[in-house]
Amino acid sequence: MFDLTGKTALVTGASGGIGGAIARALHAQGATVGLSGTREAPLAELAADLGERAHVLPCNLSDPEAVEALPKAAAEAMGGLDILVNNAGITRDMLFMRLKDEDWQSVLDVNLTAAMRLCRGAMRGMMKARWGRIVNITSVVGTTGNPGQANYCAAKAGLVGLSKSLAHELASRGVTVNCVAPGFIETAMTDKLTDEQKSGILGAVPMGRMGTPEEIAAAVVYLASPEAGYVTGATVHVNGGMVMV
Amino acid sequence: MSDIADRVKKIVVEHLGVEEDKVTENASFIDDLGADSLDTVELVMAFEEEFGIEIPDDAAETIQTFGDAVKFIQDAA
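So the sequences go chain by chain: A and B. Following the working numbering, the numbering of the first sequence begins with 1 at its first residue and continues without gaps. Following the working numbering, the numbering of the second sequence begins with 246 at its first residue and continues without gaps.
In short, the hints are calculated from the structure, not lab data. Only a predicted model underlies this, so the values are computations on that prediction, with no experimental measurement involved. Each hint should be verified, as a subset may be incorrect.
[Claimed, not checked] When the alpha-carbon atoms are kept at most 27 Å apart in a straight line, the in silico BS3-like pairs for lysine-lysine are as follows:
| no. | chain 1 | residue 1 | chain 2 | residue 2 |
| --- | --- | --- | --- | --- |
| 1 | B | LYS267 | B | LYS316 |
| 2 | B | LYS267 | A | LYS128 |
| 3 | B | LYS267 | B | LYS254 |
| 4 | B | LYS255 | A | LYS128 |
| 5 | B | LYS255 | A | LYS72 |
| 6 | A | LYS128 | A | LYS72 |
| 7 | A | LYS128 | B | LYS254 |
| 8 | A | LYS72 | B | LYS267 |
| 9 | B | LYS316 | B | LYS255 |
| 10 | A | LYS164 | A | LYS128 |
| 11 | A | LYS72 | A | LYS164 |
| 12 | A | LYS198 | A | LYS72 |
| 13 | B | LYS255 | B | LYS267 |
| 14 | B | LYS254 | B | LYS316 |
[Claimed, not checked] Ranges of calculated distance between the beta carbons of each label pair, as one might list FRET restraints:
| no. | chain 1 | residue 1 | chain 2 | residue 2 | range |
| --- | --- | --- | --- | --- | --- |
| 15 | B | GLU299 | A | GLN105 | 25 to 31 Å |
| 16 | B | ASP248 | A | THR144 | 56 to 62 Å |
| 17 | A | GLY145 | B | GLU299 | 41 to 47 Å |
[Claimed, not checked] From the derived model, a few chain B residues whose C-beta atoms are all more than 10 Å from chain A:
| no. | residue |
| --- | --- |
| 18 | LEU261 |
| 19 | ASN271 |
| 20 | GLU287 |
| 21 | PHE296 |
| 22 | ILE300 |
| 23 | GLU306 |
| 24 | ASP313 |
| 25 | PHE317 |
| 26 | GLN319 |
Ideal placement from N, C-alpha and C gives every residue a C-beta, glycine not left out.
Kindly generate the complete structure, drawing on both the sequences and the hints.
See below:
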């Protein structure tokens, strides 16, 4: 089950906690992985750790030209591009009253527009091959909203709409497009929270604990696998029961 | 038949999986050759790649038949 031998996968934000876990999990299932991110050192470290079938593909997702070039570079490095995981994301949290245009724009650029460009760049090869998997990492707050994150929530909800439309367009070509929506996950992003904040959040999580990056990666592996061929336009929520939708 | 028409026909046959003799001058991609709207977009992109030309969206909409495609590419090349 879930064998990805011979498949090629590009993961953005692979230098982060969740992206790194996704890359590791896809690699463990046999896929060749392209590790993308802005910081090259952690990518190189991850690639060295994975050994064979790992390629470092640095890319600044706020640079449209670099984003346009990434799918081609990935396909050249790996010999194809079967699986795209749009995981990279940034936050510029600010109460909406104080939110500046640039805080809005930079979050939309990286979290939504870059993902759109990568989908567009990757889909052609997938359509030709009559097989492809796109997995977009959204967030529970794209569904619920969150104070101080109007920009982030708008981008994540936008990603869901994008995914569903692409799922319609590409279904007849054997290409599926789905989302994984993490809840509170143990990463550098959530390390910054105080113990008090954490216990407040965990009070709302039936599981009573934070999730791990590996638990997000497992959902991605499933959606990327041949076994998930009939699942498209879906969002898999991995949030310990925090929000049940 | 011109070289361009041969190359266009080859793309159409390969992409749509139709018999070569079905691809006639007036054969409509959608009505006669079983293409869907996504196929027509893919065909246009394949033509662009094969002939190194750019086919704008409004022009692409006018390319309905095999003959339309050959004529457009002959004029553009």
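Hints versus structure:
{"no.": "1", "hint": "LYS267(B) <-> LYS316(B)", "in the structure": "holds, 18 Å"}
{"no.": "2", "hint": "LYS267(B) <-> LYS128(A)", "in the structure": "holds, 22 Å"}
{"no.": "3", "hint": "LYS267(B) <-> LYS254(B)", "in the structure": "holds, 10 Å"}
{"no.": "4", "hint": "LYS255(B) <-> LYS128(A)", "in the structure": "holds, 16 Å"}
{"no.": "5", "hint": "LYS255(B) <-> LYS72(A)", "in the structure": "holds, 25 Å"}
{"no.": "6", "hint": "LYS128(A) <-> LYS72(A)", "in the structure": "holds, 15 Å"}
{"no.": "7", "hint": "LYS128(A) <-> LYS254(B)", "in the structure": "holds, 18 Å"}
{"no.": "8", "hint": "LYS72(A) <-> LYS267(B)", "in the structure": "violated, 35 Å"}
{"no.": "9", "hint": "LYS316(B) <-> LYS255(B)", "in the structure": "holds, 16 Å"}
{"no.": "10", "hint": "LYS164(A) <-> LYS128(A)", "in the structure": "holds, 20 Å"}
{"no.": "11", "hint": "LYS72(A) <-> LYS164(A)", "in the structure": "holds, 24 Å"}
{"no.": "12", "hint": "LYS198(A) <-> LYS72(A)", "in the structure": "violated, 41 Å"}
{"no.": "13", "hint": "LYS255(B) <-> LYS267(B)", "in the structure": "holds, 12 Å"}
{"no.": "14", "hint": "LYS254(B) <-> LYS316(B)", "in the structure": "holds, 13 Å"}
{"no.": "15", "hint": "GLU299(B) <-> GLN105(A): 25 to 31 Å", "in the structure": "holds, 30 Å"}
{"no.": "16", "hint": "ASP248(B) <-> THR144(A): 56 to 62 Å", "in the structure": "holds, 60 Å"}
{"no.": "17", "hint": "GLY145(A) <-> GLU299(B): 41 to 47 Å", "in the structure": "holds, 42 Å"}
{"no.": "18", "hint": "LEU261", "in the structure": "holds, 13 Å"}
{"no.": "19", "hint": "ASN271", "in the structure": "holds, 26 Å"}
{"no.": "20", "hint": "GLU287", "in the structure": "violated, 7 Å"}
{"no.": "21", "hint": "PHE296", "in the structure": "holds, 17 Å"}
{"no.": "22", "hint": "ILE300", "in the structure": "holds, 15 Å"}
{"no.": "23", "hint": "GLU306", "in the structure": "holds, 18 Å"}
{"no.": "24", "hint": "ASP313", "in the structure": "holds, 23 Å"}
{"no.": "25", "hint": "PHE317", "in the structure": "holds, 21 Å"}
{"no.": "26", "hint": "GLN319", "in the structure": "holds, 25 Å"}
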